Amino acid sequence: MLYYKTFIKDPSLDWVVFIHGAGGSSSIWFKQVRAYQEAFNVMLVDLRGHGKSKEMSTMKAYYKEKYTFKTVSRDVLEVLRNNKIDSAHFVGVSLGTIIIRTIAELKPEVVQSAVMCGAITRMDVRSRILVWLGHTFKKIVPFIWLYKLFAWVIMPKKNHQESRSMFISDAKNLAKKEFLKWFRLTYDVNPLLRYFKEKEMQNPTLYVMGSEDHMFLPPVKKMIADFERSSLHVIEGCGHVCNIEEPDLFNEISIKFLKNNATHLQQETA
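Heads up: the sequence shown begins at 767 in our numbering, then just goes up one per residue.
Since the hints were derived computationally from the structure, they do not count as laboratory data. Do not rely on the hints blindly, as some may be mistaken.
[Unchecked claim] No farther apart than 30 Å at their CA atoms in a straight line, the calculated lysine-lysine pairs in the BS3-like style are these:
#1 Lys-836 with Lys-797
#2 Lys-914 with Lys-988
#3 Lys-832 with Lys-914
#4 Lys-836 with Lys-924
#5 Lys-832 with Lys-775
#6 Lys-965 with Lys-1025
#7 Lys-987 with Lys-873
#8 Lys-775 with Lys-850
#9 Lys-797 with Lys-914
#10 Lys-1022 with Lys-923
#11 Lys-914 with Lys-924
#12 Lys-873 with Lys-1025
#13 Lys-914 with Lys-836
#14 Lys-873 with Lys-850
#15 Lys-836 with Lys-988
#16 Lys-1022 with Lys-771
#17 Lys-832 with Lys-965
#18 Lys-771 with Lys-820
#19 Lys-924 with Lys-965
#20 Lys-1022 with Lys-988
#21 Lys-832 with Lys-797
#22 Lys-771 with Lys-818
#23 Lys-923 with Lys-987
#24 Lys-873 with Lys-988
#25 Lys-850 with Lys-988
#26 Lys-987 with Lys-836
#27 Lys-873 with Lys-775
#28 Lys-836 with Lys-818
#29 Lys-775 with Lys-797
#30 Lys-914 with Lys-818
#31 Lys-820 with Lys-797
On a predicted model such as this, the values are computed, not experimentally measured, just so you know.
Put together the whole structure using the sequences plus the hints.
If you want it as structure tokens, here you go:
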């Protein structure tokens, strides 16, 4: 099972489950945990091969298994089942937002609402070129070089440095074989994103994007124009990882949204 950590304030409260992106770990949410604990039970998850779930990649079954967004998402669902959590609010960043969308497809009743930070909803020409470069050179150059290139292209500005450094630092802990297995998921991204673009999640969804998220903000704006249960909040002067660059504002925006959709708060006002 995945490594996870829980912060339980009261068993009667709703759960919030945090999903990090590829190459990262649950440590990316360190600026959120305390604020979220005031109103919710919190669960941090390290995806397979990442953070403290790294030992999973040494298990024979996982070593041989081809990774797909469904298998990675089922890992998270297994953690919820074992903790007897029937439903939760999800907060994800970057590729973690695709995992949340996949969970909502596999088990829509599990997702009460979702906050998508730096959401990936389409691969534009630049991102497709990056992926092509990655597949072309992944067996020739050290994978951390590729990851640094991706991080710099996605988060190029000086004020993105903390986010960029954190992603690179976490990625250094990945084994090369694990990086390659995750990188192969990029083959599945475009077909999946085309499907998600045409189908909105059943539950309320808030997209929190930085105004400087030059690769991923434009397609999010275009996509939610046709959606009814989704909304977008753009944080000015912020890049791809808003929860790191503007944590106080991100916390305020996202917690307000989650409280508006929290079962325990709705019951109190009924």
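The hints, checked one at a time:
1. Lys-836 with Lys-797: At roughly 29 Å apart (the allowed maximum being 30 Å), Lys-797 and Lys-836 satisfy the hint.
2. Lys-914 with Lys-988: 29 Å, holds
3. Lys-832 with Lys-914: It holds: about 25 Å lies between the C-alpha atoms, which stays within 30 Å.
4. Lys-836 with Lys-924: 36 Å, violated
5. Lys-832 with Lys-775: 37 Å, violated
6. Lys-965 with Lys-1025: 25 Å, holds
7. Lys-987 with Lys-873: 26 Å, holds
8. Lys-775 with Lys-850: 16 Å, holds
9. Lys-797 with Lys-914: 23 Å, holds
10. Lys-1022 with Lys-923: Holds. Lys-1022 to Lys-923 sits at ~29 Å (cutoff 30 Å).
11. Lys-914 with Lys-924: 15 Å, holds
12. Lys-873 with Lys-1025: 22 Å, holds
13. Lys-914 with Lys-836: 27 Å, holds
14. Lys-873 with Lys-850: It holds: about 15 Å lies between the C-alpha atoms, which stays within 30 Å.
15. Lys-836 with Lys-988: Holds - the C-alpha atoms of Lys-988 and Lys-836 are around 26 Å apart, at most 30 Å.
16. Lys-1022 with Lys-771: Cα-Cα ~23 Å, so holds.
17. Lys-832 with Lys-965: 26 Å, holds
18. Lys-771 with Lys-820: Since the Cα atoms of Lys-771 and Lys-820 sit roughly 15 Å apart, the hinted pair holds (cutoff 30 Å).
19. Lys-924 with Lys-965: 36 Å, violated
20. Lys-1022 with Lys-988: 24 Å, holds
21. Lys-832 with Lys-797: 33 Å, violated
22. Lys-771 with Lys-818: 10 Å, holds
23. Lys-923 with Lys-987: Holds, at roughly 22 Å.
24. Lys-873 with Lys-988: Since the Cα atoms of Lys-873 and Lys-988 sit roughly 26 Å apart, the hinted pair holds (cutoff 30 Å).
25. Lys-850 with Lys-988: The hint is violated at about 37 Å.
26. Lys-987 with Lys-836: With a Cα-Cα distance of about 26 Å, the restraint between Lys-987 and Lys-836 holds, given a limit of 30 Å.
27. Lys-873 with Lys-775: Between Lys-873 and Lys-775 the Cα gap is close to 26 Å, so the pair holds against 30 Å.
28. Lys-836 with Lys-818: Answer holds: Lys-836 to Lys-818 is near 21 Å, not above 30 Å.
29. Lys-775 with Lys-797: 18 Å, holds
30. Lys-914 with Lys-818: 22 Å, holds
31. Lys-820 with Lys-797: Holds: Lys-820 and Lys-797 sit about 23 Å apart, inside 30 Å.
In summary, the structure is inconsistent with hints 4, 5, 19, 21, 25 from the numbered list given earlier, while agreeing with the others.
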